[in-house]
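Peer 1: Here are the chains, one letter per residue:
Protein chains: 2
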Amino acid sequence: MTTTETTVKMILDRWNASIKNFGDLLNSLTDEQLQKEIAPKRNRGVYLIGHLIAVHDLMIPLLDMGEKLYPNLQQSFFELPDKAVAEIPSAKELRECWIKHCEWLRQKFESLKPEQWFDKHTVVSDEDFAKEPHRNKLNIIVTRTSHLQYHTGQFVLLK
Amino acid sequence: MTTTETTVKMILDRWNASIKNFGDLLNSLTDEQLQKEIAPKRNRGVYLIGHLIAVHDLMIPLLDMGEKLYPNLQQSFFELPDKAVAEIPSAKELRECWIKHCEWLRQKFESLKPEQWFDKHTVVSDEDFAKEPHRNKLNIIVTRTSHLQYHTGQFVLLK
Chain A
15 MTTTETTVKM ILDRWNASIK NFGDLLNSLT DEQLQKEIAP KRNRGVYLIG HLIAVHDLMI
75 PLLDMGEKLY PNLQQSFFEL PDKAVAEIPS AKELRECWIK HCEWLRQKFE SLKPEQWFDK
135 HTVVSDEDFA KEPHRNKLNI IVTRTSHLQY HTGQFVLLK
Chain B
15 MTTTETTVKM ILDRWNASIK NFGDLLNSLT DEQLQKEIAP KRNRGVYLIG HLIAVHDLMI
75 PLLDMGEKLY PNLQQSFFEL PDKAVAEIPS AKELRECWIK HCEWLRQKFE SLKPEQWFDK
135 HTVVSDEDFA KEPHRNKLNI IVTRTSHLQY HTGQFVLLK
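As you go down the protein sequences, you meet chains A and B in turn.
One gets this note's numbering by counting positions in the first sequence from 1 and adding 14 to each.
One gets this note's numbering by counting positions in the second sequence from 1 and adding 14 to each.
If you are wondering where the hints come from, they were derived from the structure by calculation, not from laboratory data.
Heads up, some of the hints might be wrong.
The list treats identical chains as one, so a pair stands whether inside a single copy or across any two.
[What the hints assert, rightly or not] Result set (DSBU-like, lysine-lysine): computed pairs, CA atoms no more than 30 Å apart in a straight line:
| # | residue 1 | residue 2 |
| --- | --- | --- |
| 1 | K50 | K114 |
| 2 | K23 | K34 |
| 3 | K145 | K23 |
| 4 | K23 | K134 |
| 5 | K34 | K145 |
| 6 | K134 | K114 |
| 7 | K106 | K145 |
| 8 | K145 | K122 |
| 9 | K173 | K127 |
| 10 | K127 | K23 |
Computed from a predicted model, the values in this text were never measured in an experiment.
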């Protein structure tokens, strides 16, 4: 196994385990629990699910994998805070989006060769990337795994 | 920059940014706020600080860098849940431990050459490591960064 292969495995394993952990938690909660706030006057469970899908959706163009799957979620779950928009998708709809989104990403991620993860992402110029090779696609997964874990620590409070 | 150097930079950058983020949050909270629970009937702020120090302390022997700095914190903050032990260190003492511990780890981490991060950690056998080279020291940082982020998402609720 090369260093490149080992590295990609480490980082994708952590991403996949974090996705599974959040998904297991989601399955363990009822739709009613998802309507609750994680703590008094804080985000609701449904907001956190939508927020994670919206953030993961933004990775798609960043990783040069195409267009966002659910651009309609950006305003309610990324640009605006919870409760700013009166009508948001139901818990049932958000559960379906979560599952489809995770599966879509899984297939795309598996199609990349290990060395392709070290290619630049789409918002860094060739010139900057030559000087800063850590601004690659794999680093997007590193930072988004952190983000997912941060909100999973909050989501678990609904249990 | 080699792939090894790029990878180590990506993962240590994420660890260092996560440590800084938690430290900045800690500095923004009063000792009184740290005595509060992150949500009703959940862990207190002081417990989370002690828990993170205890978990980071367990990394030291795992990374073959010596002995734990604060073994006395293991029982109250790792083996037992919050409020199981009546007397725990004060918020002031925990703040000092946090700062010293982060600085100690920072110096140790900087002293390792990039390729040394791909050496095996201490609880995997040579035989297993030959088959599973991802069970290296750097992967300990990957998983502990996830853990730190998970609890940071909770700690921020004290604000």
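Peer 1: Which numbered hints turn out to be false for this structure?
Peer 2: 7, 9
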